[in-house]
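Just so you know, the sequences run in chain order U and F. Throughout the first sequence, residue numbering follows my numbering, covering 1 to 105 in sequence. Throughout the second sequence, residue numbering follows my numbering, covering 1001 to 1535 in sequence.
It should be emphasised that the hints constitute simulated quantities derived from the structure, not laboratory data. Take the hints with a grain of salt, since some may be wrong.
Heads up, simulated DSSO-like pairs for lysine-lysine below, C-alpha to C-alpha not over 27 Å straight-line [what the hints assert, rightly or not]:
1) F:K1373 with U:K15
2) F:K1369 with F:K1442
3) F:K1072 with F:K1313
4) F:K1385 with F:K1272
5) F:K1077 with F:K1060
6) F:K1369 with F:K1060
7) F:K1100 with U:K15
8) F:K1369 with F:K1385
9) U:K15 with F:K1072
Just so you have them, the derived chain F footprint on chain U, three or more residues with Cβ under 8 Å [as the list claims (entries may be wrong)]:
10) 27-39
11) 42-52
12) 80-89
Glycine included, each C-beta is placed from N, C-alpha and C at the ideal position.
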Amino acid sequence: MSGRGNAAAGSPWRKRGDMILRILAALPLGYAVATLWAIALSVILPMRPEQATTVGMLVAFAICAVSAMWAFAAKSGWKAIWVLAVAGGVAAALAGVMTRGGGVA
Amino acid sequence: MSDLGDKGFRQSQAFLHTWSGLLLGWVLFAVFAAGTIAYYREGLNRWMRPELARVEQPEKVLAGAQRFLEDKAPDAKSWFITMPGATAHGGTAFWVPQPKEGETRRRRRSDNQVTIGANGEPATVRETRGGEFFYRFHFDLYYMPVIYARWLVSIAALLMLVAILSGIVTHKKIFRDFFTLRRSKGQRSWLDGHNATAVLALPFHLMITYTGLVTLAVMLLPWATAVTFPKEGAFFEALYPEGPAVERTGRAAPLVDLTAIVRDAEAQLGGKAGYVEVVEPGDAAARVTVTRSGSTMLSSRTPHITYDGVTGKALRRSPETGAAVVTAGSMIGLHAGRYSSDWLRFLYFLCGVAGSVMVASGMVLWTVKRREKLPDPARPHFGFKLVERLNVAAIGGFPLGVAAMLWANRLLPVEMAGRAAWEVHCLFLAWGAALLLSVVRKPQPNWVALLGLTGVLLAALPVFNLFGTQRGLIASLWSGDMMMAGIDIALLMFGAAFLALARRVARHKPAAPRVRRRAAAPVQPVETAQMEPAE
Chain U
1 MSGRGNAAAG SPWRKRGDMI LRILAALPLG YAVATLWAIA LSVILPMRPE
51 QATTVGMLVA FAICAVSAMW AFAAKSGWKA IWVLAVAGGV AAALAGVMTR
101 GGGVA
Chain F
1001 MSDLGDKGFR QSQAFLHTWS GLLLGWVLFA VFAAGTIAYY REGLNRWMRP
1051 ELARVEQPEK VLAGAQRFLE DKAPDAKSWF ITMPGATAHG GTAFWVPQPK
1101 EGETRRRRRS DNQVTIGANG EPATVRETRG GEFFYRFHFD LYYMPVIYAR
1151 WLVSIAALLM LVAILSGIVT HKKIFRDFFT LRRSKGQRSW LDGHNATAVL
1201 ALPFHLMITY TGLVTLAVML LPWATAVTFP KEGAFFEALY PEGPAVERTG
1251 RAAPLVDLTA IVRDAEAQLG GKAGYVEVVE PGDAAARVTV TRSGSTMLSS
1301 RTPHITYDGV TGKALRRSPE TGAAVVTAGS MIGLHAGRYS SDWLRFLYFL
1351 CGVAGSVMVA SGMVLWTVKR REKLPDPARP HFGFKLVERL NVAAIGGFPL
1401 GVAAMLWANR LLPVEMAGRA AWEVHCLFLA WGAALLLSVV RKPQPNWVAL
1451 LGLTGVLLAA LPVFNLFGTQ RGLIASLWSG DMMMAGIDIA LLMFGAAFLA
1501 LARRVARHKP AAPRVRRRAA APVQPVETAQ MEPAE
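Generate coordinates for the entire structure from the input sequences, incorporating the hints supplied.
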């Protein structure tokens, strides 16, 4: 990502594009990451399913808020997006592996 | 985050704090203020029905509710009786008739509901939503489908959570700020006020925002159950397993004495009953379910016991909820504060007031900070004007609306059709008028008018009570009815506070233009710097 470096230092349109990326990372993507982790926790945690699902929901709001903070703390909008995409991808992969592996189903 | 210096991180969070706080701040203010008022919803339920006597023997009310329902709806599908707690205005008896074939439209709840007064008789009482209005408005808003309202409120709450977390990062000297309040120093004073109310009650703000989101978690995270409970409703069934459904037999059998059942249930559940449900009363298959009151325990997931409605034998107790569900229930319980004693409730209220002031001062601070940097302060750009005037409309208008509603409660004729709804309309009419005023009038005189009018209206209410009702402050104090007395005293104090605010804003003199130009130089802004309202 070093090539894009500090996008906020560029032209006004670069700045605007960077801001839009951050907002997208904060809200739709942050929410998706939170939901994916809620799902992952609901299948990973060694508890009864309704208990594990509840834990997932309780934690999701913290994940959503921290994702939004990260979206604006990251060096550039693109970096915010790919880091959050990886965070969500890890959750999705975990949930997928656990369900296939007979964790729940 | 390692590639960011400490300064870069804090700056990014300051930006986030400013804009996440502003975006839905006006909704947030109304929601926060209404939620704060709702901590006294039971008190307001009584205050707004001054003709009702205080409940001293809840069992008398329960027996009266059973008598009433046996007479009025002996073969209903089910009855619901809300037990009057120590501060409630009475019990409510509500019944669901047997479903008729071909009947599609459900009847309105108010057609099948009565209030049972302290003497056990159905009370004739003015039609009002009482304090319940503030409770529902806090998450359902008004004049809009509740599902949209809840999403809007939730998004505002999530933005608030982000604003609080980023606000903590932004404040380097958070504990010094806590002890600092510089008066009459323009922007610095607004910042100090914002910091003091925010930091003083910071644990409360964090708790209340997070737990508020938890109350709506199932709606907000519909996909969280996608893998574990893909079938609709299955998650709820797992959370709250119910006993077998009751089939009506058609054989009549008298219902047991509910008072005796409630007494037994209270002993077994370990706390006062909150709620009694009777399914198929008067039938041999009747069932009675008693639920423990939320005011007796932290978790909102209160346990219940089901009894045979004819023999009075205990049949089934709700299963133990697991640790995670108890945690969620306790978070919801913490939010609603039903469990709290009188002093804790007062503390909740004070923290809520601090939170409302935090939101309001943050919004005003947004304009105060930017006014200095405007290219032409006499003609600010549209965004600035919009925020400035919406601040007046929302922060000045909502309290005025509340005052108008309380007056409507006192003045609207008792026999008026749709009276309860009109009380609420009065709130929004006054609020709408405030919005209109802030469009056409300059902000400063408008602040004075709205704050001043609110102050007069609030402070005059206890005076009206003194002469217009039997529950004036003196009578309440005399009979030791501290809830009623407390609400009157609070109205007087809020009235005085609003008047004092109005006076301060009225006395504020905008700085001369040249002073403002000097303030743009890298000197500390002086106390004459332009801002409003004054502080």
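Now the hints, each set against the structure:
Taken as a hint, the F:K1373 and U:K15 pair is honoured in the structure, with Cα atoms around 21 Å apart against an allowance of 27 Å. Restraint check for F:K1369 and F:K1442: the C-alpha separation of about 19 Å stays at or below 27 Å, so the hint holds. Taking the CA atoms of F:K1072 and F:K1313, the gap is near 26 Å; set against the 27 Å cutoff, the hint holds. Distance restraint check for F:K1385 and F:K1272: the Cα-Cα separation of roughly 54 Å exceeds the 27 Å cut-off, and the hinted pair is therefore not satisfied.
Distance hint between F:K1077 and F:K1060 is fulfilled; the C-alpha atoms sit about 24 Å from each other, no more than 27 Å. Taking the CA atoms of F:K1369 and F:K1060, the gap is near 60 Å; set against the 27 Å cutoff, the hint is violated. Restraint check: the Cα-Cα separation between F:K1100 and U:K15 comes to about 64 Å, which exceeds 27 Å; the hinted pair is violated. Restraint check: the Cα-Cα separation between F:K1369 and F:K1385 comes to about 14 Å, which is no more than 27 Å; the hinted pair holds.
Under the criterion of a C-alpha separation no larger than 27 Å, the hint pairing U:K15 with F:K1072 is inconsistent with the structure, at around 69 Å. With 4 residues having a Cβ less than 8 Å from any Cβ of chain F, the region 27-39 of chain U passes the three-residue criterion, so the hint holds. Under the rule that three or more residues need a Cβ within less than 8 Å of chain F, the assignment of the region 42-52 of chain U holds, with 8 such residues. By the rule of at least three residues with a Cβ nearer than 8 Å to a Cβ of chain F, the coverage given for the region 80-89 of chain U is violated, with 0 such residues.
When each numbered hint is compared with the structure, violations occur for hints 4, 6, 7, 9, 12.
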